[in-house]
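A.B. asks: Read off the chains here:
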Amino acid sequence: MADAAHTPNEADARAQFGAFAFSAENKKTADIYIGRYPAGRQQSAVMALLDLAQRQVGEETQTQGWLPVPVIEYVASYLGMPYMRAYEVATFYTMYNLAPVGRFHVQVCGTTPCMLRGSDDIMAACKNRGLVKGATTPDGMFTLNEVECMGNCASAPMVQINDDNYEDLDYDSMSAILQDLSDGKQPKVGTQLPGRHTVEPYGGATTLQAMVDKNHDYRGEY
Amino acid sequence: MPKVTVDGLELEVPAGATVLQACEMAGKEIPRFCYHERLSIAGNCRMCLVEVAPGPPKPQASCALPATEGQIIKTDSPMVKKAREGVMEFLLINHPLDCPICDQGGECDLQDQSVAYGRGASRFEENKRAVTEKYMGPIVKTAMTRCIQCTRCVRFTEEVAGIEEVGAIGRGENMQITTYLEHAMQSELSGNVVDLCPVGALTSKPYAFEARPWELKKTPSIDVMDAVGTNIRLDSRGRAVLRALPRINDDVNEEWASDKTRHAVDGLTHRRLDKPYIRKDGKLVAASWAEAFDAIKANWSGDAAVIAGDQVDCETMFAARALAGSSMLEGRQTGLAYDTSSLSAVNFNTTIAGIENADVILLVGSDLRREAPLVNTRIQKAIRKRGAKVFAVGPVTDLTYKVEWLGDDLSALAKAPKALADALKTAERPAIIVGGGALRYEGVHGAALAFASKYKLVRDGWNGFNVLHFAAARMGGLMLGYAHDGGIKALAAKAPKLAFFLAADEADYSLFAGSFKVYVGHHGDNGAHHADVILPGAAYSEKSGTYVNLEGRVQRGERAVFPPGDAREDWAIFRALSDVLGKRLPFDSLEALRVEMFNAVPALGVEGLADYGWSEPTLPSAVNGKIADYPIKDFYLTNAICRASETMQRCSAELVHGTQYLEAAE
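Listed in order, the protein sequences are those of chains A and B.
Quick note, our numbering runs 3 ahead of the 1-based positions in the first sequence.
Quick note, our numbering runs 666 ahead of the 1-based positions in the second sequence.
These aren't lab readings, by the way, just hints derived from the structure by calculation.
All values derive from a computational prediction rather than experimental measurement.
Be aware that one or more of the hints could be misleading.
Reference excerpt, derived from the structure (chain A facing chain B, CB under 8 angstroms, subset only) [said to hold, decoys possible]:
1. GLU13
2. PRO85
3. MET87
4. ARG88
5. THR94
6. PHE95
Have a look at the derived ranges for each label pair, beta carbon to beta carbon [stated by the list, open to error]:
7. B:THR1000 <-> A:TYR40: 44 to 52 angstroms
8. B:PRO1061 <-> A:TYR40: 30 to 38 angstroms
9. A:THR97 <-> B:LYS1120: 32 to 40 angstroms
10. A:ALA24 <-> B:GLY786: 53 to 61 angstroms
11. A:THR97 <-> B:ARG1050: 27 to 35 angstroms
12. B:PHE790 <-> A:GLU151: 17 to 25 angstroms
13. B:PRO744 <-> A:PRO116: 23 to 31 angstroms
14. B:SER1281 <-> A:ALA24: 28 to 36 angstroms
15. A:GLY223 <-> B:GLU678: 54 to 62 angstroms
16. A:THR97 <-> B:ASP916: 43 to 51 angstroms
From the three backbone atoms N, C-alpha and C, an ideal C-beta is built for every residue, glycine too.
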């Protein structure tokens, strides 16, 4: 992650988050997650709990949240596992942020299908709004990252912003989404193409056409 | 027992063996980096690829593949050769070509295997990745760009050392091995990752840029830093021992050694006594051997007391006994006075390897992690592999594994708390380990023996009664009669006119205020400060010696280098002194001395476990009071050699006392 933001100073993080603890509500959720695993295997819940902790940090800081060292340690001791093991998990998965992010974490997919379908335009739309790869905008609104395949190739190009996917984008629709977000409006989630619902073939089926209306036995036609 | 065919050779392998092990049994060499016999299987280096039928038509990692009936394994087919070349080429993509400045050079698995199995050239023209160095403490030096991510160090620290502080962070090309937030590894065994590292990523910090392996003379020896009797190899060049490495001995140290064993050797060249001294007007003045002997002769009256230090070999103790007589001998410097009428009652009877099989272990006043780190790893293994339960009486301390603490009140021995009693009821192989922290209290020895008979710790084919010593000389000393009734205090009460101190630096010299004190030892430490005459002797690296470890295993080490200056081997000092005192000892060589010693104590003549039989002395068993603390306060500074060692002092400052050292500016 050459373009990842630098993890803040450990001492600062300890000063700010040293007293971190799950909120009553999150504690309840955490215990539900832990309860899903047999006794003695509560460490298996580490990923869910790290995510929960990250979201709580997000709420506390009005951002998308990140995992400062003392928070990782809190989760580790909550599960009775060595700090190092939790730290390994937190550094392995890209959904855990090891540096603060803005209110909206814009993750642009740049993998081949999205790139062929125009992810460069999406990136350009972000750049034109002042977003910089691997950094947060000065107003604390947007953090931009380029990520690998998010599994939405059928509706490429796509971005993930916080927990939502925005698909079938182009320069204009991406700009509009960013504008809506900074205006405090919720843009339409999912595909941005009119008339498309999910990832069904756009403009009608091109294969298995005989099966659109009724069942059809293709076996004789092989 | 599956039958497999390896390169046309049919053989039967034990059930559960892997393909790699089957190939080794067939005498085939399989290159590997991540696989290690004593660690769990990771299967991530891919160097051990072989062709296996039936199976997918591609090379398979043999270390992680179980051998099954009827497998046909090929280790020399063109496919295997190509696969190995490919893996090696990939491994070398990011490995720097800095062998000329790498300390691993000459003993590097990657170097050797790339010569043996590599392609000879790389087709990679991009940039290599570079990784910043990681701080791992005063023992381990890192050059993480060289790391090939075999994760042996991660698995060792977790599975053997029991500290989960080392791990792999990041993913893919950004994966890096590091300690948690780059803190120093808090382990007595951290030096072992240096041996485990197949490349030069983790090398020894104290030994950095000292020597190349082919320049060194290698001498098999026995470690004297604790009573485990770690089998070591001393690597020396000229007159200096440059490093100590463990030798493989599955009964004692497997292939590990503690940091003290490895890195106290730089203390062998500091603060040495290299000429005799005589105290004149309260000051020690250098003298000749003849003057020193004459000074002793003036105080000689036919017998003398001998206090043996913690690191003395049996030959020295025997020679001293032959000269001084056997009525005033003591080795337990710190004042322990347990009964020694039955050696089996003060022995580690379960044996070091045997404690792995215990299912319930009670520690009484023994801080195993500091007193015998390699016994501690065995218990760690008993817990991990066999689910053993460990209870402990004594102040709470971190032993690296889960312990049920029963408080520090010794009454737990007389009346076992319910949890312990319940566990013992169903235990098949229960064991008790009594440490020096408890033995100093009256009645504990008897109470422990009573506990052992109450819960039948000694049963058919199993002896679960153990006393843990932590002085290398202890069991040998006890076999040679270095135990006075009532301990060192009772001995001092006899007010001997002349007292020899064999490298005894832990003794309370004020007890011997009226005696003429002769210190025969190698370091200018506590003992030398109080002596009236100093005779410079040899350290363990400078003499061939017999040592008996805590389980009664007789082992012999060889001389690696010569003592410095005028110093001589200790037995020869006593032989020369005997001439002056008019009581000529009947041996002129070490061989002759050994013949005499074996005649006196036949058990010392046979290398291996001495058989003490099992007999229980009847001892008072009333106990009360609490275990106040453990005898070892600072693991890194327990004897004269470590105290003279810069490395050990640094370890002590940093790991025990938490001093922060700033890295030198690059």
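A.B. asks: Hint by hint, note whether the structure agrees.
C.D. replies: Hint check:
1. GLU13: holds (7 angstroms)
2. PRO85: Because about 3 angstroms separates PRO85 of chain A from the closest Cβ in chain B, which is inside the 8 angstroms limit, the hint holds.
3. MET87: holds (4 angstroms)
4. ARG88: holds (6 angstroms)
5. THR94: holds (4 angstroms)
6. PHE95: holds (5 angstroms)
7. B:THR1000 <-> A:TYR40: 44 to 52 angstroms: Holds - the Cβ-Cβ distance for THR1000 of chain B and TYR40 of chain A, about 49 angstroms, lies within 44 to 52 angstroms.
8. B:PRO1061 <-> A:TYR40: 30 to 38 angstroms: holds (35 angstroms)
9. A:THR97 <-> B:LYS1120: 32 to 40 angstroms: violated (59 angstroms)
10. A:ALA24 <-> B:GLY786: 53 to 61 angstroms: holds (59 angstroms)
11. A:THR97 <-> B:ARG1050: 27 to 35 angstroms: holds (33 angstroms)
12. B:PHE790 <-> A:GLU151: 17 to 25 angstroms: holds (23 angstroms)
13. B:PRO744 <-> A:PRO116: 23 to 31 angstroms: violated (38 angstroms)
14. B:SER1281 <-> A:ALA24: 28 to 36 angstroms: violated (59 angstroms)
15. A:GLY223 <-> B:GLU678: 54 to 62 angstroms: Holds, since GLY223 of chain A and GLU678 of chain B (Cβ atoms, about 56 angstroms apart) stay within the stated range.
16. A:THR97 <-> B:ASP916: 43 to 51 angstroms: holds (44 angstroms)
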